[in-house]
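S.K.: When you get a sec, could you build the whole thing from the sequences and use the hints?
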Amino acid sequence: MRMAYVELRGIKKHFDTVKAVDGIDLQIAEGEIVVLLGPSGSGKTTLMRLCAGLERPTAGEIVINGEVVNDVPPRERGIAMVFQSYALYPHKTVFKNIAFPLIVEGLPRQEIRKKVEWASGLLGIGHLLDRMPSQVSGGEKQRVAIARALVRRPRVLLMDEPLSNLDAKVRHTARVELKKFQQEIGVTTIYVTHDQAEAMGLGDRIAVMSDGRVRQIGTPEDIYRDPADTFVAGFVGIPPMNFVERNGMIVGFRPELFLPADSAQGAEPMILRFKVVRVENLGSFKLVYGTIGDARVVANLPVRIPLDEGKEYDFAVRREDLRYYNKQTGMRIKG
Amino acid sequence: MKARRILDREDILAPLLLLPTGLYIVLFVGFPFVMSFVYSISNVTVGNPHIKIIGLKNFISLLQDVAFRTSLVNTFIFTVVSVSLVIVLAHILAELLLRDFRGKWFVRFIVLMPWTAPIALGAIGFLWFLDSVFSPIDWFLRMLGLLGKPGALFGPASNLYWLGRPGLAMASVILVHVWRLLPLATVILIAGMNSIPKEIIEAAQMDGAGYFRRLFHINLPLLFPVIGVTVLFATFFTFTDMTVVWILTRGGPPPNATQVLASLSFLTGIEGGDLAQGAAIAIFFFPVLAGLAIIVLKLAKKAVVT
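Top to bottom, those sequences are chains A and B.
The opening position of the first sequence corresponds to residue 1 in this note's numbering, with each subsequent residue numbered one higher.
The opening position of the second sequence corresponds to residue 1 in this note's numbering, with each subsequent residue numbered one higher.
Rather than coming from a laboratory, the hints here were simulated on the basis of the structure.
Keep in mind that the hints are not guaranteed to be accurate.
Examples of chain A residues toward chain B, derived with CB under 8 Å [stated by the list, open to error]:
1. Ala-52
2. Pro-74
3. Ala-80
4. Met-81
5. Ser-85
6. Ala-87
7. His-91
8. Phe-95
9. Phe-100
10. Pro-101
11. Leu-307
Quick caveat: nothing in here was measured; it's all calculated off a predicted structure.
For every residue, glycine included, the Cβ atom is placed at its ideal position computed from N, Cα and C.
M.R.: Here it is in structure tokens:
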């Protein structure tokens, strides 16, 4: 395991009575992109702002490259941030926006020009340098914000839901570009989002958060295949994991692993009587909503499998695809 | 039913609703406005109301008159100095009122108070405050030993004669103008400052900008339209003001140390009876105020578009 570049030790942030961040330990390796994933109010943005230096932790230490930076102002942490709303300076040209951190640093004009041209070239916005922010599109604004963050070659890059203000279509291509881009530059990145698909696509590791705590941290595959508790299981994956009660435990299985009994292979699959309520044909696959006993479940099936609404079928899940959770705590039970 | 039918028609309803306002503007604004131009090129007096056109004689004699020239200069000085002070002080107050602190409600209350007092009452209050014998300021300075003793900072006399000495009288007029305009300017600036998105300030912090760089590169440029509006309003109110001067000093100390266009016009035209001259003096408002009005309209148009 590479040495941690950014380390959060026992971070707490309380606003009067609200515990926005309630004890978080996190290590992020150099060059890694870690996604903080969680619903609103989970504390992910607060945690990012603590890393940025825009808020001070109530307890705990923030360490960057071995140095405790709790008392270091944002600028001197070597950190750059891309805001959700981009926060471009509306009265300055794109060039001046990107150049601003360098102007503050007091670099000579020539050098500023070179660096701005490098950053804008990297993001493909070199042709927009003389425009005002109001004259460029949403996607271009976002790239200007990223260029401004990168122009200083920060040690750590923070991104606060940078894709959420984009059109759905643009969001997808932007995501792919962003990942490619982050890998090329190799800057340590902390990325905040509530969109689990974004997290899965972008993160080297994902930290799933709720109520100010990290529920699980791991690679996208780990999080998806072996969720540590029912919250993570229900949050990651669309549609979320199905849950039924058996023998005083909660048993979970993913919709795409919930198949008609005759299709399920492997030894001893668990057989479940599935009553189909509704079928949603989504083109490349279909979502079948129904019930097992009292529990509402969903199956994700290829379109060609025939199913009728209102009928009951024998469905099965392979033993190795079942996940067991404690009924009271929601924590994973192994085996 | 028929009446409702008529009221539903926009092309009838609109002119109908505009009629009272239109009438008001024509009768009480338009008519006097035109008349003032007519008077200024005539020799009308209160005793002799027959209008006889005499061309630009009034204007020529005004420009040669020391009292007029002093008034013109004073009007500009008072306006420029008051507005500048108001902008700077309002900024400071606005920054203060944007932060949370105990007793904020009280500070806000006293900041807004001057605006609630009618200008004449405020000026009368200051008459006492700046009185040549009973001024509390003088009393306070005497208490501190800065006045009334030989070798004291403000002189050996027991009073400063705020309204009796030309320089101090001018300062007093400016003081009252600033006192009156501060609430309005502060409120406008607070609204403007609140409208700057917090994330832009934070982005500037992340980019490493300290307080002063943020102030000059981010805050002030973004506040520019708001400051512009404040300057326009403050200028309008100060440039055309007669009340403060009239109540505090009547234009004195002699001769005309604090005279402004508005007070001179009143003195000449109404008290003196020479309506034509009075109107001619007032005409000098026109270029400055027309220019300001054009700027205001342009800004207003831009605000609607964006």
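S.K.: Double-check Phe-100/A for me: the hint is only fine if its C-beta lies closer than 8 Å to a C-beta in chain B.
M.R.: It holds, given that the least Cβ distance between Phe-100/A and chain B is near 5 Å, below 8 Å.
S.K.: Given a cut of 8 Å on the nearest C-beta pair, is the interface hint for Ala-52/A held or broken against chain B?
M.R.: holds (6 Å)
S.K.: Any CB of chain B closer than 8 Å to the CB of His-91/A?
M.R.: Hint on His-91/A: holds, closest Cβ of chain B at ~5 Å, below 8 Å.
S.K.: Answer holds if the nearest beta-carbon of chain B is closer than 8 Å to that of Pro-101/A; otherwise answer violated.
M.R.: holds (4 Å)
S.K.: With a cut-off of 8 Å, does the beta carbon of Ser-85/A approach a beta carbon of chain B closely enough for the hint to hold?
M.R.: With Cβ-Cβ at 5 Å, under 8 Å, it holds.
S.K.: May I ask you to test the interface hint for Pro-74/A with respect to chain B, counting a Cβ-Cβ separation under 8 Å as satisfied?
M.R.: Pro-74/A check passes; min Cβ-Cβ to chain B is 5 Å, inside 8 Å.
S.K.: How about Met-81/A: closest beta carbon in chain B under 8 Å, or not?
M.R.: Given a least distance of 5 Å, the restraint on Met-81/A holds.
S.K.: Quick one, is the Leu-307/A hint okay against chain B at 8 Å, beta carbons?
M.R.: violated (49 Å)
S.K.: Going by Cβ atoms only, is Ala-80/A closer than 8 Å to chain B?
M.R.: holds (6 Å)
S.K.: Holds or violated: Phe-95/A as interface residue toward chain B, Cβ cutoff 8 Å?
M.R.: Violated: closest Cβ of chain B sits about 15 Å from Phe-95/A, beyond 8 Å.
S.K.: Under 8 Å is the threshold here; is the Cβ of Ala-87/A close enough to any Cβ of chain B for the hint to stand?
M.R.: holds (4 Å)
When held up to the earlier numbered hints, the structure conflicts with 8, 11 and fits the remainder.
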